[in-house]
Amino acid sequence: RKEVEQDPGPFNVPEGATVAFNCTYSNSASQSFFWYRQDCRKEPKLLMSVYSSGNEDGRFTAQLNRASQYISLLIRDSKLSDSATYLCVVNMRTGNQFYFGTGTSLTVIP
Amino acid sequence: GAGVSQSPSNKVTEKGKDVELRCDPISGHTALYWYRQSLGQGLEFLIYFQGNSAPDKSGLPSDRFSAERTGGSVSTLTIQRTQQEDSAVYLCASSKGWGGNTDTQYFGPGTRLTVL
Numbered sequence: 002r003k004e005v006e007q008d009p010g011p012f013n014v015p016e017g018a019t020v021a022f023n024c025t026y027s028n029s030a031s032q033s034f035f036w037y038r039q040d041c042r043k044e045p046k047l048l049m050s051v052y053s054s055g056n057e058d059g060r061f062t063a064q065l066n067r068a069s070q071y072i073s074l075l076i077r078d079s080k081l082s083d084s085a086t087y088l089c090v091v092n093m094r095t096g097n098q099f100y101f102g103t104g105t106s107l108t109v110i111p
Numbered sequence: 036g037a038g039v040s041q042s043p044s045n046k047v048t049e050k051g052k053d054v055e056l057r058c059d060p061i062s063g064h065t066a067l068y069w070y071r072q073s074l075g076q077g078l079e080f081l082i083y084f085q086g087n088s089a090p091d092k093s094g095l096p097s098d099r100f101s102a103e104r105t106g107g108s109v110s111t112l113t114i115q116r117t118q119q120e121d122s123a124v125y126l127c128a129s130s131k132g133w134g135g136n137t138d139t140q141y142f143g144p145g146t147r148l149t150v151l
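Here the protein sequences line up with chains F and S, keeping their order. The first sequence begins at 2 in the numbering used here and counts up one residue at a time. The second sequence begins at 36 in the numbering used here and counts up one residue at a time.
Keep in mind the hints are simulated off the structure, nothing from the lab. Take the hints with a grain of salt, since some may be wrong.
[To be verified] Computed Cβ-Cβ distance ranges for the label pairs, DEER-style: (1) F:Gly-55 - S:Ser-40: 31 to 37 angstroms; (2) S:Val-47 - F:Gly-55: 42 to 48 angstroms; (3) F:Arg-42 - S:Gln-115: 25 to 31 angstroms; (4) F:Gly-10 - S:Ser-108: 35 to 41 angstroms; (5) S:Pro-43 - F:Gly-10: 30 to 36 angstroms; (6) S:Leu-151 - F:Ser-53: 46 to 52 angstroms.
[As the list claims (entries may be wrong)] Partial selection, computed: residues in chain F whose CB lies under 8 angstroms from chain S: (7) Ser-33; (8) Phe-35; (9) Glu-44; (10) Pro-45; (11) Leu-47; (12) Ser-50; (13) Asn-92; (14) Gln-98; (15) Phe-99; (16) Phe-101; (17) Gly-102; (18) Thr-103; (19) Gly-104.
Beta carbons are placed, not taken as given, at the ideal position from N, Cα and C, and that holds for glycine.
Same shape as in the complex, but just chain F (with noise of 0.2 angstroms):
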C-alpha cells in the first residue's frame, strides 16, 4: 500500500464550481499535512500546510480528519487559474522523508 493515496482525476469542473479532493495516508503516525499545486513542468509550489483540525485560505479550506487518516482540500468558487494539480504531502516525524501523493489533476472550464 502507497503511504499516501490520491484520486489521480481528471477533475473537470465550470467555472465558478465547488470541487473537493481527498487524500489518504497510511501512517497513523504522521504528523505534518500539507497541500501543493503543481503547474504543468513547473515545480510544486505552497499551497496549504495542514496542522490541526483543518484552516482556511480565502476560496482553500483544507481539513483533517486523523480518525479516518485523510486530508481534503476545498475549492470553491473555481477559476481558470485554479488548473494545476493538487499534491498532497504527508511528514511521518518518524523520519525525514515527505511522502507526496501522484497528484490529482483539475481542469476548470470557462
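Fit chain S to the supplied structure of chain F, relying on the hints for placement.
Coordinates of chain S only, in the frame set by chain F:
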C-alpha cells in the same frame, strides 16, 4: 528574498557520461532535499540533508547516485554513468528545519535531465 535556485535548468547528456546538478537553498534553511520526478509521475525522494547530521540517503536508487552539501549550504547531486532511465526532472527543496512549522518545503525550478 531569493528562492531555491538550481542549475542547469536543462541538461542533455549521452548515456554513460557523468552529470552534476547544483542546488542553492534559501539562505538560512538548514534542511535540503533532492527529489526526482519522471514524466507524469509523483515525486520520488532521493536524499535529505539536515544541518551537520549524516544525510539520509535511503532514497538513492543506485550507487551511481551521490550527493554532497558543502558548508551547510550549496548541494551537488552527481549521477555517474548515466542511463536512459535517469531521464527526469530533478527537484531540490529546502526548509528552515525539521519539526513544528519549520518543515515546509520550498522547491527550486528543477533541472530537466535527458539522457540520450
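Here is what the structure says about each hint:
1. F:Gly-55 - S:Ser-40: 31 to 37 angstroms: Once the Cβ atoms are compared, 33 angstroms apart, the range 31 to 37 angstroms for Ser-40 of chain S and Gly-55 of chain F holds.
2. S:Val-47 - F:Gly-55: 42 to 48 angstroms: 45 angstroms, holds
3. F:Arg-42 - S:Gln-115: 25 to 31 angstroms: This hint holds: roughly 27 angstroms between Cβ atoms.
4. F:Gly-10 - S:Ser-108: 35 to 41 angstroms: 38 angstroms, holds
5. S:Pro-43 - F:Gly-10: 30 to 36 angstroms: The hint (30 to 36 angstroms, Cβ to Cβ) holds, given that Pro-43 of chain S and Gly-10 of chain F are roughly 32 angstroms apart.
6. S:Leu-151 - F:Ser-53: 46 to 52 angstroms: 49 angstroms, holds
7. Ser-33: OK, holds: Ser-33 of chain F within 8 angstroms of chain S, min 6 angstroms.
8. Phe-35: This hint holds: Phe-35 of chain F lies near chain S, its Cβ roughly 7 angstroms from the closest one there, short of 8 angstroms.
9. Glu-44: Where the cut-off is 8 angstroms and the nearest Cβ of chain S is about 4 angstroms from Glu-44 of chain F, the hint holds.
10. Pro-45: Holds. Min distance 5 angstroms.
11. Leu-47: Nearest chain S Cβ about 6 angstroms off; hint holds.
12. Ser-50: Result: holds, 6 angstroms to nearest chain S Cβ.
13. Asn-92: 6 angstroms, holds
14. Gln-98: 5 angstroms, holds
15. Phe-99: OK, holds: Phe-99 of chain F within 8 angstroms of chain S, min 7 angstroms.
16. Phe-101: Cβ of Phe-101 of chain F sits 4 angstroms from chain S, so the hint holds.
17. Gly-102: 6 angstroms, holds
18. Thr-103: 4 angstroms, holds
19. Gly-104: For Gly-104 of chain F, the interface hint holds, since the closest Cβ of chain S sits about 6 angstroms away, which is under 8 angstroms.
The earlier numbered hints are all upheld by this structure, with none contradicted.
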